[in-house]
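Enquirer: Please construct the entire structure, taking both the sequences and the accompanying hints into account.
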Amino acid sequence: MNKLLMPWRRLCALLVLSLLPLATLANEAAPVAADPALEKRVMAISAELRCLVCQNQTIADSHAELAVDLRNQVREMLRKGQSQDEIVAYMTARYGDFVLYRPPLKQSTALLWFGPAALLIGAILVLIISLKRRARLPDDQFEPESELPDDPAAAPARPAP
Amino acid sequence: MKSLKFLIPLALFAVLALFLGAGLNLNPREVPSPLIGKPAPEFKLPQLHDASASISRQDLLGKVWILNVWASWCVACREEHPLMVEYARRKTVPIYGLNYKDTREAGLQWLGRLGNPYVASLFDVDGKLGIDFGVYGVPETFVIDRQGVIRFKHIGPVTPDVLRDKIEPLIKSLQS
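In the order they appear, the protein sequences are chains A and B. If you read the first sequence in the working numbering, its first letter stands for residue 1, the second for the next number, and so on. If you read the second sequence in the working numbering, its first letter stands for residue 1, the second for the next number, and so on.
Hint data in this document are derived by calculation from the structure and do not stem from the laboratory. Be a bit skeptical, because a hint or two may be false.
[Claimed, not checked] Derived, one-sided and incomplete: chain B residues facing chain A with beta-carbon distance under 10 Å:
(1) 21
(2) 22
(3) 26
(4) 31
(5) 34
(6) 37
(7) 38
(8) 101
(9) 130
(10) 132
(11) 133
(12) 134
(13) 135
(14) 137
For glycine and all other residues, C-beta sits at the position ideal for the given N, C-alpha and C.
Expert: This is how it looks when you write it as structure tokens:
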């Protein structure tokens, strides 16, 4: 009798064990299922905030403990009915503009916002000016075009292959 | 004048190299805190040693004090700790601890083994006060003046240099 039972017990144990990962999955997914709309807003706001521990990630992407805490903070504030602006203000009051993935436009960040465009415009201006100046030069300022490969006059000057 | 034109690229390169060189020497981990010059956040937390006794921001008004954020799980705190113990022994300024996301048992055991430089430690089990202080890496050290305004913040372990060159002169000027 006992001998017959043994394999069954083992099978049952295996079955229970194989279900364990499912149990943990269910645990993690629970808060999302609880209120998907809220969770979506939490993630949307978190995606705008930099994780200070792993600086190239948002707190939505990061698994760092601080990111989890800050996500919980965002969730809690949303539950209290606070707006996205209020939450962002709360975070910048504590961690500075650095937490924002989109830096705000102000005097200290003007170079950051307009620097690249200014560089591009400057480079285009320099290009236009130098091209115009070159167009006004007389012909003898340029090298003769004899080096062109399709010029028959230049062909004999080349070493035979 | 025209003959010096060839120096323009060199000058541009020098400017670029200066910017990049300065960038290399910046530490991106050290985020400037917006809290400096602002009043310390309100708090009222139980003490690590005595859950029934609490400390609030108001209790500490009127004196210059140091807040040192620590945790038993934090390796860098262990590195900094002997300096804190030594500094506390000089009794120039009261040091309060903020036991950040720790368990009571582990925190007490850690202090028992390595020495307790703190007048008291606030027990911040869920890290809420840590967020209010803008803490993102332990250890962090704050200097708070008589009016309860944060005057200085150091991220990472305090070194003897930081203590001698920054914290001590500041404390002296705040206390005078």
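Enquirer: All hints, please: hold or fail.
Expert: Status of the hints after comparison with the structure:
{"no.": "1", "hint": "21", "verdict": "violated (18 Å)"}
{"no.": "2", "hint": "22", "verdict": "violated (14 Å)"}
{"no.": "3", "hint": "26", "verdict": "violated (12 Å)"}
{"no.": "4", "hint": "31", "verdict": "holds (5 Å)"}
{"no.": "5", "hint": "34", "verdict": "holds (4 Å)"}
{"no.": "6", "hint": "37", "verdict": "violated (13 Å)"}
{"no.": "7", "hint": "38", "verdict": "holds (8 Å)"}
{"no.": "8", "hint": "101", "verdict": "holds (7 Å)"}
{"no.": "9", "hint": "130", "verdict": "holds (8 Å)"}
{"no.": "10", "hint": "132", "verdict": "holds (7 Å)"}
{"no.": "11", "hint": "133", "verdict": "holds (8 Å)"}
{"no.": "12", "hint": "134", "verdict": "holds (4 Å)"}
{"no.": "13", "hint": "135", "verdict": "holds (8 Å)"}
{"no.": "14", "hint": "137", "verdict": "holds (7 Å)"}
Going through the hint list in order, the structure does not satisfy hints 1, 2, 3, 6.
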